[in-house]
Amino acid sequence: MAKVNFRLVMPERELLATEADMVVVPGSEGDFGVLHGHAPLISTVRPGVLEVFQGSKAEQRFLVVGGFAEVTPERCTVLADEALPFETVTAEQLAERERAAERDLTDAATDAEKAAAEKNLTIARDLRRAQAYYAGR
Amino acid sequence: MPSLKTFRLRIRSVQSTQKITKAMKMVAAAKLRRAQEQAMAARPYAEAMDKILASLGASFKGGTGPRLLAGTGSDKVHLLIVATADRGLCGAFNSSIVREARRNIRALLAEGKTVKVMCVGRKGRDQLRRDFSSHIVETITDLGRPRLSFADAHKVSSRIMEMFEAGDFDVASVVFNRFKSAMTQIVTRQQLIPPPAPDAAGAAPAAGGGAVYEFEPDEGEILADLLPRNLTVQIFRVLLENAASFYGSQMTAMDNASRNAGDVIKKLTLQMNRSRQASITKELIEIISGAEAV
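Quick note, the sequences are listed as chains C and U, same order.
Each residue of the first sequence is one higher than the last, beginning at 1 in the working numbering.
Each residue of the second sequence is one higher than the last, beginning at 1001 in the working numbering.
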């Protein structure tokens, strides 16, 4: 079966460039799987877990924090603001991140700070939920 | 005639200066390599972003779309972002950026535009403060410690976005040093807001490759999300280029300084030996003429 050329890039560096059978991307309007021959698509990405399949097995998982995905029939490029290999992140780290975001929210003085803190908190909560969901699988 | 001792002292002091400049050169060389690697690593993201932007931009033609893309429709107020370094000892790096910035400010003022200046880096502010202190609206320093991160770029771009949303300026451009090699850096002015229109006629059909993208959610929303991020990416690229240029420039400057110190040491040693010989000759003459007199 033809493979899809997958790249996961962060602003600072390229995290992964590989050939995969299928990639499941957490799109902002729902997860979508990308196989070879997918219709061209540009989507925003919500905080969640991205899976790279070889065969029918999820070989690699990444926690991604927002960004964009560009899909063409041959390739899939995900531009993530932040991406971490799933195994390297523990539930405690994410819980700590959530607590830090909560603290920032209570400390926020201006409206702009408050909005930023709220956004961070939502991201942290989404990440923790996604991590908890996938950790069991 | 200075005595032998003063020569020795001066030579020693130049030698220790040379040691410092040599060490700085080596540190700059190591950091330059790292900065270059970082710039290379950041390239895939920027390229992919450009591609998405090109295919999105194709669906917004002729001044439609968000203000960040189309502009505010006026060009009265210019924001000039002057990206320099925080530190000196790097040859003409900071001065050449500031010179270009000055030229731009003067040209814009002559056209009757309002100019606001945002200084990124301490040295730019220090040099511009003399002539244009009333134009400086913002200064951001101490970026990239210990190393440049995307968050640093975000700090700058979020400030720019705030000002743009408050309607503080219409056009923004940035002056920085483009890295060509360790020896050459090119002072560049690049317009950020609104982004310069790509040669739409030639590029758009080629970039699309016949593929028409589906958008999820719709184009407008993606674009609204993408444009501020693109600004950050542009700023990040500017900062990276600047960092590489800074170290390149510093390396060259310190190399020159070490060489000059070597020249000074050579000259001083020669002078010292001459004066030593002169005094020996003088003593010999005294002894010989003394012996003859006996």
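Errors might be hidden in some of the hints.
Claimed, not checked - Among the chain C residues that face chain U by a calculated CB cut under 7 Å, a handful are:
(1) Asn5
(2) Val9
(3) Pro11
(4) Glu12
(5) Arg13
(6) Glu14
(7) Leu16
(8) Thr18
(9) Glu29
(10) Asp31
(11) His38
(12) Pro40
(13) Leu41
(14) Leu79
Stated by the list, open to error - Listed below are the simulated BS3-like cross-link pairs for lysine-lysine, each with C-alpha atoms no more than 30 Å apart in a straight line:
(15) Lys1022(U) to Lys1051(U)
(16) Lys1051(U) to Lys119(C)
(17) Lys1025(U) to Lys119(C)
(18) Lys1076(U) to Lys1022(U)
(19) Lys1022(U) to Lys1266(U)
(20) Lys1019(U) to Lys1051(U)
(21) Lys114(C) to Lys1022(U)
(22) Lys1025(U) to Lys1051(U)
(23) Lys1076(U) to Lys1116(U)
(24) Lys1025(U) to Lys3(C)
(25) Lys3(C) to Lys57(C)
(26) Lys1180(U) to Lys114(C)
(27) Lys1031(U) to Lys1005(U)
(28) Lys1282(U) to Lys1025(U)
(29) Lys1051(U) to Lys1155(U)
These are computed hints drawn from the structure, not numbers from a lab.
It should be emphasised that the depicted structure is a prediction, and the values quoted were computed from it without experimental measurement.
Virtual Cβ for every residue (Gly too), placed ideally from N, Cα, C.
*What hints, given by number in increasing order, does this structure fail?*
Violated: hints 1, 7, 8, 10, 11, 15, 17, 18, 20, 21, 22, 24, 26, 27, 28.
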